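Starting from the known structure of chain A, fit chains B, C, D and E with the ligands onto it as the hints suggest.
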Amino acid sequence: MTMTTKPEPTTSVATPIQNSLTAGRLPTPAPWLILGAAIAVSAAIFGVMGLAGEAGYNWGGALLVGALLYIPSIWLFSMLVEGRRRAMDRLVTALVTGAFVLAMIPLISLTITVITFGLNRFDADFFTMSMRNVTGEGGGVLHAIVGTLLMTGTAAIISIPIGLMTSIYLVEYGRGQLARGITFLVDVMTGIPSIVAGLFAYALFSIFLGPGTRTGIAGAVALAVLMIPVVVRSSEEMLRLVPNELREASYALGVPKWLTIVKVVLPTSIAGITTGIMLSIARVIGETAPLLIAAGFTQSMNWNLFDGRMSSLPVFVYTQYANQGNPPEAYLDRAWAAALTLILIVMALNLIARLVARFFAPKFGR
Amino acid sequence: MSTASTAIKAKQRPGDRVFSGSAVFAGSMILVTLAAVALFLIVQSIPAFFASHEDASILPESFWSYVGPLLFGTIWAAALALIMAVPISIGIALFISHYAPRRLASVLGYIVDLLAAVPSVVFGLWGIGVLAPAVQPIYAWLVDNVGWFPLFSGPVSGTGRTILTAGIVLAVMVLPIMTAICREVFLQTPVLHEEAALALGATRWEMIRTAVLPFGRSGIVSAAVLGLGRALGETMAVAMVLSASGAVTFQLLTSVNPSTIAANIALSFPEAFGINVNVLIATGLILFIVTFVVNAIARWIVSRRQEFSGAN
Amino acid sequence: AANESGAAPSESASSLSGNLVGAGASSQDAAQQAWIAGFQTANPDVTIDYDPSGSGAGRETFLEGASDFAGSDRAFDDEEVAAGGFAKCAPDTDIIELPMYISPIAVIFNVEGVDTLNLDAATIAGIFAGNITKWNDAAIVALNPDATLPDLAITPVHRSDDSGTTENFTDYLGAAAPDVWTYEADGVWPFEGGEAAQGTSGVVDAVTNGTGTVGYADASRAGDLGTVAVQVGDEFVEFSPEAAAAIVDASPEVEGRSEGDIAIEIDRTSEEAGVYPIVLVSYIIGCQQYADSENVELVKSYFSYMASPEGQDVAAEAAGSAPISDTLREQVTAAIDSIQ
Amino acid sequence: MSKRIEVRDLNVYYGKFLAVEGVNLEIEPRSVTAFIGPSGCGKSTFLRTLNRMHEVIPGARVEGEVLIDGNNLYDPDVDPVLVRRQVGMVFQRPNPFPTMSIKENVLAGVKLNNKRISKSDADDLVEKSLLGANLWNEVKDRLDRPGSGLSGGQQQRLCIARAIAVAPEVILMDEPCSALDPISTLAIEDLIEELKLQYTIVIVTHNMQQASRVSDKTAFFNIAGTGKPGNLIEYADTTTIFSNPSVKATEDYVSGRFG
Amino acid sequence: MSKRIEVRDLNVYYGKFLAVEGVNLEIEPRSVTAFIGPSGCGKSTFLRTLNRMHEVIPGARVEGEVLIDGNNLYDPDVDPVLVRRQVGMVFQRPNPFPTMSIKENVLAGVKLNNKRISKSDADDLVEKSLLGANLWNEVKDRLDRPGSGLSGGQQQRLCIARAIAVAPEVILMDEPCSALDPISTLAIEDLIEELKLQYTIVIVTHNMQQASRVSDKTAFFNIAGTGKPGNLIEYADTTTIFSNPSVKATEDYVSGRFG
Ligand SMILES: Nc1ncnc2c1ncn2[C@@H]1O[C@H](COP(=O)(O)OP(=O)(O)OP(=O)(O)O)[C@@H](O)[C@H]1O
Ligand SMILES: Nc1ncnc2c1ncn2[C@@H]1O[C@H](COP(=O)(O)OP(=O)(O)OP(=O)(O)O)[C@@H](O)[C@H]1O
Ligand SMILES: [Mg+2]
Ligand SMILES: [Mg+2]
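Residue numbers (the numbering used here), protein chains in the order written: chain A, 76 to 441; chain B, 696 to 1007; chain C, 25 to 364; chain D, 35 to 293; chain E, 35 to 293.
Okay, chain A solo, but in the shape it has when bound (with noise of 0.2 angstroms):
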């Protein structure tokens, strides 16, 4: 406690320090010397200690222990001058900000290596080709993209109208028990595991198209019992956050309800949802095990949903991995590819939608 640079008695934390508003405060820039410096005692102790392993310096074990080392430092150092409640604001500060660096690490981690993977691979041939007659080296994915575009757009085309009506059913009309019925039951359905959608659709078209049959809108179907749920939620959250004055100026305008809703309430919460339903093709549009089942694999182009098997992507990247042949290279080097491609036309469609949810999205400010 000698080491304290502000003599402030600690001790009357009730009674306003009477002569200055200045607290104890560490000078701006000590947090970054203090890290620089828990790097530097982490990387020593890592030389020391011999941890640094045969293969060469363990620069990533160095950096991280550093920045474990960080988080009690500021708190002790901000403890000592700054006083409890600046040093748990500190603490927290650090335990934050680390969160989010912690989560970056695996998100670099996999942006890297998807991109460099998938590079290996990224040509026109890719883009323009199926798999039909090709073993070894060469062949595309045009096929699994029509693939996956086609039913997730059909799932999107099933799924969005009636999560959205179901919502909109709930926020605007549902009172008493169906409504708190049918709230159960989009609860229910978010449990739905996805393979057992894949076995749900399946054995449905068994039904129709005969046994054993294996569709695109078999796979399409399943991949929308998993995206209403995600709709619904989604939007009756947005739905929700609509204020009710605006409602009510609609209604006092005598604008009948379901205008207000189409023309007021809707258009209000476009942004928030149009981020739910792109959560929710994200969220189904990388299903591998249910389009395994129920859409089957091809390596031909096909652009029937209701007639014979259909690839997708993700189904493509599982099986080019899963089954790899001679060269094994070619395959994996096409799965990754595939990967990066499936992750891009997800950015774009986020992107779309972003721009979308800005055109309509309520301008406010002056």
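I should point out that these hints are in silico values taken from the structure, not numbers from a laboratory. Do not rely on the hints blindly, as some may be mistaken.
[Said to hold, decoys possible] With beta-carbon atoms standing in for the labels, derived distance ranges:
no.: 1; chain 1: A; residue 1: Ala254; chain 2: C; residue 2: Phe215; range: 48 to 58 angstroms
no.: 2; chain 1: B; residue 1: Ala731; chain 2: D; residue 2: Arg179; range: 47 to 57 angstroms
no.: 3; chain 1: B; residue 1: His748; chain 2: C; residue 2: Val165; range: 37 to 47 angstroms
no.: 4; chain 1: D; residue 1: Glu97; chain 2: E; residue 2: Asn171; range: 30 to 40 angstroms
no.: 5; chain 1: E; residue 1: Lys174; chain 2: B; residue 2: Ala733; range: 45 to 55 angstroms
no.: 6; chain 1: E; residue 1: Asp250; chain 2: A; residue 2: Trp107; range: 24 to 34 angstroms
Note that this is a predicted model, so its numbers are computed, not measured. We treat Cβ as the ideally placed atom computed from N, Cα and C, and that holds for glycine.
Just chains B, C, D and E with the ligands, lined up with the frame of chain A:
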């Protein structure tokens, strides 16, 4: 003005009726779908409940002794994932909503959203190829140095493909959706309440504790439930990453790990025939029920203090 | 897609057209893709889909009549055949089962500085059963006096999914080392212990990424990993296509099956020179007589292509399988000719 | 273009809770009527029963009759949407539609009802309504800017313009000035003065000066205690209410030193 | 327990937009100062600079000095958290924490500082603060009910209780009565009268009667036009401002017939 007086008398407008009718229709579609799924699951499961090893070769004895360890593994893996993901996603959401500079925040939000788009197969590939080898030395160190702690006891897995790794992969997978919801909710915290806290002389953290977190509590629970639902049902990534056997063990770092229901279906379904198929579907039914129970508990938690909720 | 439309060679004499669906074992998927590619190139109006959904699923699908043929890592067993009910086939007719895809299973390992090891069945069984836990165990050293074996823990890796590979591998262990390996042959790994990984790729990845790991996988995927030469009689045999084909020839057929149902019971304990006993035989299963004669020509022609030396070579190239021997081909061809 | 309103034995409920009890009232056409009373006495609640906005709230219902020119609003076959077109409403907090420009906001009542209107008619209507709401000069150069970009007082007048654009016959205003500064308040009071030449106006206010300035008649509501229903205590000419009320409670309330 | 505030050459910005320009002002301890002026002239903005709440808004910043008992609030090493503990604030719309009970709301600020306040101390403090805010009698039986269940006026007084519970030396109030009915307004005006014996109080109001009733000194702010910065036009004793202002604009504003 007798014209006006009759004018206010009109029958219900067709637009309204069509619109509310289609909303009800959409709602009942959910009912129908769900009934169909439930019916399918139950009908398909019934033979499994009474099957023994003779009927279905994958059953050790009865159905329940088969599903028990799987159920344990499912819950254990999801719990591990959630223990990691909930604090981190709250952290990220707070970072984006209350710590990062405005400009940066929306970009960061977008980046995290993108993680949601990564297909589970890719998480699987990444888990096998990148994550597991990277964490294996840490596991080895843990077993050597804190192996006395039951969760960390050895022998360490030689490949790092343990339940903890699967938990990490699951955590990374559920992060985006949980973060997105938490972030939206935190951003909705009324400025009034935030300023009320600040005006009382709260530090940023204290403001978050008094205004933001209580307001976002139900949102956090919703997010956790959605994340949990995803973690419980995730199939491919777990199947690919986890070194699964039927064991029931809490050890995190060994080669012998419990399997999960969804992963087990994926692993066993291709070779399944006869009653085995029913057995696997029945495990799906169990998973369905578990997820639902978790959901119901979460609803109950949220509704318990409704009176004090932020939505006023 | 660019490769689909204009691919038709104009002078193609082929009159075949139609759509054939097969489903089943993922083990033969790479071979099937090669066969399909070769066949479709020669017959541009034909589309064949092979769904690598798994042997069990493949057999179920065929049984339901949803596919024209199945690929399976095991033949239907006696009861299943007796039960009949194959929807695609004419009532009360038999099925044909053709061992068209033979693939050696390699025992692969990852120990620095060791490329190959000589092991006998008992030692392999000991390793996978968890009795032998160190690479410098006396049993291994005794068989490999020249190798420099480290004091390193052995991590055995097995398949976590239900698979024909596991069934064949455990069948070998049980037959060749019954004292050490007391479990029945099964597609599911019979006990808890060791590392598990999904699919051939998972096992290969786990062995590659780990240290001191050992596993079993389709030989074509062994890559740069160390492989085991298995003791047969007095010699140690490395896996090779020829050795794998040889064991099939040296093994008896399952008795009591109809003509054309060529189910083989691999003789894992054969001591004949140059056979490699750990093999997987994957069958093509079709009908002796199809209920609907529409696709029969196509089926016969496709099956014949698979069995032809050319077809077997394509598969060997693409999937690393072992071409079937000429004696076996004769039987297979006869069976195909009988299809109607 | 204005109507007489009669209220007979009106009870207003929120679910089981009786919020306003036994109101009898007659409002003359082309007049301004002010509702005053302490918080929670049911002024807003009662006001909203006059154009059936009350029933928008789940569980809310009404007993009794509200007659507009002799027609009971609460007859079973009356269409509330048509009622609201005849009885417009302005709320306490200005609530322009955030997704719409100033012009679209004014036209909202017309456009949202899917009425087709020619561009020149629309422009005329916008100008007329904004002029009527005393806002035209301030916004005529930026009709395409979002309505939420205006100041509070301007937003409130925009809402009034929006309300009069559908040509109602009665306008209800629930504390239209409480969020506004004196200058905007003045502008709106002037506006009420003008509007009353054409419309029947009912206004809720906490500001007694405002009530005495703008209204012809005043209704005083009171409440006996929390959980009790609100009652109409006294209804008379504004001058009477403020100078010579017949009920003690009214006198106590209006003679408070505040306002 | 009260402080003198001096403001020197204060410019207040929102990003690039200069909202308030060149304010010089001295506020005596234990007095009530009212800020009046038309909407958008920067009253709230200026008020919020007095406890550094301004900087909570992204991009907002300040030039110049605000001295409290001679210490500049905007010195680089001043801790805004400490400033806000000494300078409390009450907002226009009552904002009790909805997740907390009445009691927890009162203790919210205290708990931040002193986690381990004993139960009896806490009860004492709650009673003292609620008594100070004139709310004790109305809520003493339901301290554990949510604060959001109170009426608007009660909520506002709850917010005042919450503000005085942390024992600040200055209390800033931004239109504390504008959402309230006259009875609640009266209660709060009475309260201000009492609080001024202990605290320095600054209040923004649109209600000139209110300003003249409660304040000792009044500051009139004005704005030349939209987009222009607001200015302090005149600052003097309340009686002077309302009876004999020295600037024409002030006279125009206070002599409006409204209030
Ligand atoms: N949506 C609602 N649901 C249930 N009760 C309500 C609702 N709105 C108002 N009330 C209750 O009805 C009574 C009358 O409320 P109302 O808002 O009409 O009062 P008011 O006179 O307008 O008050 P103020 O001057 O504060 O606006 C109050 O007791 C109130 O709590
Ligand atoms: N968050 C903000 N960002 C940008 N500009 C703002 C912000 N808040 C207020 N302003 C602008 O600053 C100026 C002063 O606003 P302020 O709210 O201080 O006015 P006021 O005098 O309090 O008005 P009122 O009486 O309506 O409350 C206005 O031009 C306003 O548009
Ligand atoms: Mg009201
Ligand atoms: Mg203001």
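- request: Identify every previously stated hint that the structure contradicts and give their numbers, smallest first.
  value: 6
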